[in-house]
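J.: Sequence:
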Amino acid sequence: MADVVEIDQYDTVGAVGYAVKKLPEITVAFWIMKIAATTLGETAGDLLAQTLRLGYFLTTGLLILVFVATLAVQLRSRRYNPFFYWTVILSTSTAGTTISDFMNRDASGKYLATGTDSLGWGPQGLGLGYPVGAAILISLLLAVFAVWKCTGLTFAIRDIDSLRGEILFWSAILVSNTLGTSMGDFLSDSSGLGYAGSALLILGLLGLLLALKYTPAVSNVLLFWFAFVLTRPLGATVGDFLTKPAAKGGLALGTPGSSAVLLALLCGLVGYAHAQERRRADTRAAAAPIHAA
Numbered sequence: 006m007a008d009v010v011e012i013d014q015y016d017t018v019g020a021v022g023y024a025v026k027k028l029p030e031i032t033v034a035f036w037i038m039k040i041a042a043t044t045l046g047e048t049a050g051d052l053l054a055q056t057l058r059l060g061y062f063l064t065t066g067l068l069i070l071v072f073v074a075t076l077a078v079q080l081r082s083r084r085y086n087p088f089f090y091w092t093v094i095l096s097t098s099t100a101g102t103t104i105s106d107f108m109n110r111d112a113s114g115k116y117l118a119t120g121t122d123s124l125g126w127g128p129q130g131l132g133l134g135y136p137v138g139a140a141i142l143i144s145l146l147l148a149v150f151a152v153w154k155c156t157g158l159t160f161a162i163r164d165i166d167s168l169r170g171e172i173l174f175w176s177a178i179l180v181s182n183t184l185g186t187s188m189g190d191f192l193s194d195s196s197g198l199g200y201a202g203s204a205l206l207i208l209g210l211l212g213l214l215l216a217l218k219y220t221p222a223v224s225n226v227l228l229f230w231f232a233f234v235l236t237r238p239l240g241a242t243v244g245d246f247l248t249k250p251a252a253k254g255g256l257a258l259g260t261p262g263s264s265a266v267l268l269a270l271l272c273g274l275v276g277y278a279h280a281q282e283r284r285r286a287d288t289r290a291a292a293a294p295i296h297a298a
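The opening residue of the sequence shown carries number 6 in our numbering; numbering runs sequentially from there.
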């Protein structure tokens, strides 16, 4: 008789063919990759919409299609794949950048890159402004969490083990990344703190969340979602700091060069995560007991 090999929760597949373990462990490496992905989302979104002059409307439509395509690949995957997961994170960050810009900005010159007098085809912004845009996005995010709560499914990322749970998770990610972009742009453009000051403020808030992690009365799941939202405005302010002209307080590195460097960094981190996951899989396979039937 053939040998039967036991497999753990990473490889267990339910009746509908859905894998139990599809999302990463929350480690320091996770947060480094999240900040890198959100910063790249900011610079890449600005590269497409402003530098290449595709405009907010057309770029948003294209990036939503990219998000749907990458999400479909992630949902069809039977187990956690770092490349699939972080590709969706990047697509939500990039789409969130242009969705936020389209909601909050208008076609006036104050929002255009230096040397640009017009953008691409279609309306270039609803002009809602950051307060109204943030209120809408906060309401949407709360609505997603309310629906999620009503389903009775867990909010803990490491325990999400169903298709419905993962769809709710990615819905929250897209809205939170869009909200984070609005927060970052408001801090950078309208608060008077500038790019560096805004980044330091967000880092201070993240440090406070880290301290609260060791307070038993505060839910770690709640802290995770606050931190997840806050890393997006951190990426937005760092991205603007890298790309905006020196006259506005930036380093004037430009969107193409900054995006290329950040993409290389993220690819390296994803490659490392993939290698780590392969080593874990090999270790589990070697440790799994084999029973002769």
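To be clear, the hints were calculated from the coordinates, so they are not data collected in a lab. There's no promise every hint is true.
[What the hints assert, rightly or not] What follows is a list of derived Cβ distance ranges for each label pair:
#1 144 <-> 280: 34 to 44 Å
#2 71 <-> 167: 20 to 30 Å
#3 254 <-> 155: 36 to 46 Å
#4 172 <-> 226: 13 to 23 Å
#5 31 <-> 172: 36 to 46 Å
#6 224 <-> 148: 32 to 42 Å
[To be verified] Below, in silico cross-link-like pairs of lysine to aspartate or glutamate (EDC-like), each with a Cα-Cα straight-line distance of 20 Å or less:
#7 218 <-> 166
#8 154 <-> 164
#9 154 <-> 287
#10 154 <-> 171
#11 154 <-> 166
The C-beta atom is built at its ideal place from N, Cα and C for all residues, glycine as well.
J.: Determine for every hint whether it applies to the structure shown.
T.: Okay, the hints, checked on the actual structure:
no.: 1; hint: 144 <-> 280: 34 to 44 Å; result: 41 Å, holds
no.: 2; hint: 71 <-> 167: 20 to 30 Å; result: 25 Å, holds
no.: 3; hint: 254 <-> 155: 36 to 46 Å; result: 44 Å, holds
no.: 4; hint: 172 <-> 226: 13 to 23 Å; result: 18 Å, holds
no.: 5; hint: 31 <-> 172: 36 to 46 Å; result: 20 Å, violated
no.: 6; hint: 224 <-> 148: 32 to 42 Å; result: 20 Å, violated
no.: 7; hint: 218 <-> 166; result: 24 Å, violated
no.: 8; hint: 154 <-> 164; result: 15 Å, holds
no.: 9; hint: 154 <-> 287; result: 36 Å, violated
no.: 10; hint: 154 <-> 171; result: 14 Å, holds
no.: 11; hint: 154 <-> 166; result: 15 Å, holds
Hint violations for this structure: numbers 5, 6, 7, 9, all remaining hints satisfied.
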